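Student: Following the hints, put chain A in place on chain Y, whose structure we already have.
Protein sequences, first through last, are from chains Y and A.
For the first sequence, counting from 1, position 138 maps to 138 in the working numbering; every step adds exactly one.
For the second sequence, counting from 1, position 176 maps to 176 in the working numbering; every step adds exactly one.
Check each hint, because a few of them may be wrong.
List time: in silico EDC-like cross-link candidates among lysine to aspartate or glutamate, alpha-carbon distance up to 20 Å [as the list claims (entries may be wrong)]:
1. Y:K93 / A:E204
2. A:K22 / Y:D136
3. Y:K77 / A:D219
4. Y:K93 / Y:E135
5. Y:K93 / A:D219
6. Y:K186 / Y:E175
7. A:K22 / Y:E135
8. A:K50 / A:E270
9. A:K121 / A:D72
If we take Cβ atoms under 8 Å as the criterion, some of the chain A residues that face chain Y in the derived model are [to be verified]:
10. L18
11. S20
12. N23
13. D206
14. G214
15. A215
The set of hints was computed from the structure by calculation and includes no laboratory data.
None of the values given here were measured: they were computed from a predicted structure.
Yeah, the Cβ is synthetic: ideal placement off N, Cα and C, and Gly gets one too.
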Amino acid sequence: MLHKPIIQLRHVSHSFAGFWALKNISLDVSAGEFIFLTGPSGAGKTTLLCLLHGTLPIQRGEAKIAGYDLRRLSAGKLHLLRRDVTVVFQDFKVLPLRSVRENIALPLIIRRLPALQIQRRVSAVVRGLQLQGKEDTPCGHLSGGEQQRVAIARSIVVNPKVLLADEPTGNLDPEYSLRLLDIFGKFNAHGTTVLLATHDHNLLRAMPQSRIVHLAYGQQQGEGYGPPSSEL
Amino acid sequence: MGNSKEKDMVRPLLSSDLISWKNIRIEQWIAFFGVGLIMFLAVCAYGSSKCLSTLAQSASSDVQAQAFWSPDYPLGKIRSEWEMADDLPTVVETITFTPSQALQHIQQELGAGLDFSWLDKNPLPPTAIFRLSPSKDQPAMDIIQQIRDLPGVDRVHTNPLQLYTAKAWRELLHSVLWPFISVLVLTQAVLLANTVRMALFKLESDIHVLRLVGANRLDCQLPIIIRMLCLTAAGTTVALGGAKLLHFQVSAIVSSPPLHIPCSFLSWTEVFAVFLCAFVVTGLSCSLAIHKHGM
Numbered sequence: 001m002l003h004k005p006i007i008q009l010r011h012v013s014h015s016f017a018g019f020w021a022l023k024n025i026s027l028d029v030s031a032g033e034f035i036f037l038t039g040p041s042g043a044g045k046t047t048l049l050c051l052l053h054g055t056l057p058i059q060r061g062e063a064k065i066a067g068y069d070l071r072r073l074s075a076g077k078l079h080l081l082r083r084d085v086t087v088v089f090q091d092f093k094v095l096p097l098r099s100v101r102e103n104i105a106l107p108l109i110i111r112r113l114p115a116l117q118i119q120r121r122v123s124a125v126v127r128g129l130q131l132q133g134k135e136d137t138p139c140g141h142l143s144g145g146e147q148q149r150v151a152i153a154r155s156i157v158v159n160p161k162v163l164l165a166d167e168p169t170g171n172l173d174p175e176y177s178l179r180l181l182d183i184f185g186k187f188n189a190h191g192t193t194v195l196l197a198t199h200d201h202n203l204l205r206a207m208p209q210s211r212i213v214h215l216a217y218g219q220q221q222g223e224g225y226g227p228p229s230s231e232l
Numbered sequence: 001m002g003n004s005k006e007k008d009m010v011r012p013l014l015s016s017d018l019i020s021w022k023n024i025r026i027e028q029w030i031a032f033f034g035v036g037l038i039m040f041l042a043v044c045a046y047g048s049s050k051c052l053s054t055l056a057q058s059a060s061s062d063v064q065a066q067a068f069w070s071p072d073y074p075l076g077k078i079r080s081e082w083e084m085a086d087d088l089p090t091v092v093e094t095i096t097f098t099p100s101q102a103l104q105h106i107q108q109e110l111g112a113g114l115d116f117s118w119l120d121k122n123p124l125p126p127t128a129i130f131r132l133s134p135s136k137d138q139p140a141m142d143i144i145q146q147i148r149d150l151p152g153v154d155r156v157h158t159n160p161l162q163l164y165t166a167k168a169w170r171e172l173l174h175s176v177l178w179p180f181i182s183v184l185v186l187t188q189a190v191l192l193a194n195t196v197r198m199a200l201f202k203l204e205s206d207i208h209v210l211r212l213v214g215a216n217r218l219d220c221q222l223p224i225i226i227r228m229l230c231l232t233a234a235g236t237t238v239a240l241g242g243a244k245l246l247h248f249q250v251s252a253i254v255s256s257p258p259l260h261i262p263c264s265f266l267s268w269t270e271v272f273a274v275f276l277c278a279f280v281v282t283g284l285s286c287s288l289a290i291h292k293h294g295m
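Chain Y on its own, in the form it takes in the complex (with noise of 0.2 Å):
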C-alpha cells in the first residue's frame, strides 16, 4: 500500500559549470517506495541522490524530501534532513582509523541514544551484514566489499525515512548484491522508502515489483515498473 509522497521534484535541473548534469527532472516517491534509479555513468543519477541529501544545492526547480524543502532549507538545519534521509555513498566515506564498530554507531552516538540500545542495534547490523568478528578491525583494513557493507550498516542502523544508495553492490559479488538486496527489501517492508541507484540489470530482475527510474544524459528517459527492457 502506498502512501502520501515523501520525495518531490519538479523540473529540477543542475549544471557544473555549465554543463547540465541534471535537467527538468520531475518525480513523486510515494512513503514505503522502493525504486531503482538506472542509466548509464555519467546519466545524473549520484548528482540526484546528492540533491536529495542536501548535499548539492538546488538551482532550478523545487524539491521537498521527507517533509523538508531543500530549496529552503538553511545549512543549519542541514543536519536535520540527514538524520531522516541516510545514503550509502559509491566512495563508502568510513573513517578508515575508526573500527567497524564506531564507524557503524557515527549516526546513532550524534542522535545522543543511550550506549546499550547503540550496542543492540550495532550488533543487529553487524550481524545481517555479516561483519561479525571484524566490529574493532579498523575500517581501513578492510576489502572493498566489506567497507561497503560498513557503509551500507551506517546507513541503516538509524531506521531512516529514506534511504539513498549509490551503487551499493558496486564492490560486492553478485551473491552478496542479492543479499544485500534482500536486507533493503526487509527494511523497505519496514516502511523505510528505498531509492537505489545502479546499473546492475541482475538487481532490477530480482525486484521486479519495484519501480524503475531511467536516467540518460541528465534527462529522464522514462519509468515503469517490471525487469528492464533491452533498451534500459
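Tutor: Okay, now just chain A, sitting in the frame of chain Y:
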C-alpha cells in the same frame, strides 16, 4: 557471562568520541606545551614584577624628610605641631631641634672647642627630621605634602634619590610588565588558533563524514573547543606548578641576607585570574580559528 561480554562491547562505544584524537596527537601536544610555556613565562614575569614592586615599596619606606619652620613662628605652636606630626601613623620617628638645640648639636658635632657666643642671634630655624613609612594608600609624596602644609613650615627637604628611584622602578615594572604579558597572551592566541587550524585540516575528512551522517556544527566544533580548554587547563596547571617550584627555590635565596627581598607567590585570586585569562584566550582563539576555517 553474557552480561560481562555485553559490557565489554559497550565500553569502546562509551569511550569513543566523535573526533579522532589519535589523528591530531601532535597538535594536542603543541597546545599543551605551548600553553604551559607561555603561562609559565607570564606567571614568572608577573611574580618577579610583584617581588620587585614589593622591594621598591620597602625601599621607599626609608624616606626621610626634614622640615624647617619659619624663625618668626612661635616655638610653642611648633612644638605642638611636632607632637601632632609624631602621632601620624606613617611617621616612624621624629627628631626635633629648637634653634638652640640645633646650635648645640652642631657644636657637639664639630668639636667642643667651637664657640658660638659671638652670635647675636641664633640663625638656625626650628627643624624636625621625620622618618616615614609610606604605604600604598598613603605614598611618601602625600605625607611630605602634609608636612609641607603644616602652619609655619618654611620648606621641606627630602632624600629624593631613593624615593624617586623606587617610584621609577615601580613605573618601569608596570610599563614593561603589561605589554610583555599582552604579547604572551597574543602569542598564546596565535599558537592555539594555528594549532586548531592544523588539526582541522587533518580532521577535514572525519568532519565531512560526520556532517554527512547528521552531525550539526556544534557536534563537530564543541569537542575541539572543549579539548583545547582541557589542554589549556592542564598546561596552565603545570605552568603554575612549575612557577611555584621556581618560587620555592628563588624565595629561599632572595629572602635571606644580604638581599632580604620579600617574595610571595600568587594569591588564590591571582591564580583564578590566570586560569580565567587562559580559558578566555583559548576559547576565543579556537572559536575564531573554527569560524575562519568555515567549519
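Student: Confirm or reject each hint.
Tutor: Hints versus structure:
no. : hint            : verdict
1   : Y:K93 / A:E204  : holds (12 Å)
2   : A:K22 / Y:D136  : holds (16 Å)
3   : Y:K77 / A:D219  : holds (13 Å)
4   : Y:K93 / Y:E135  : holds (17 Å)
5   : Y:K93 / A:D219  : holds (18 Å)
6   : Y:K186 / Y:E175 : holds (17 Å)
7   : A:K22 / Y:E135  : holds (19 Å)
8   : A:K50 / A:E270  : holds (11 Å)
9   : A:K121 / A:D72  : holds (12 Å)
10  : L18             : holds (6 Å)
11  : S20             : holds (6 Å)
12  : N23             : holds (7 Å)
13  : D206            : holds (6 Å)
14  : G214            : holds (4 Å)
15  : A215            : holds (5 Å)
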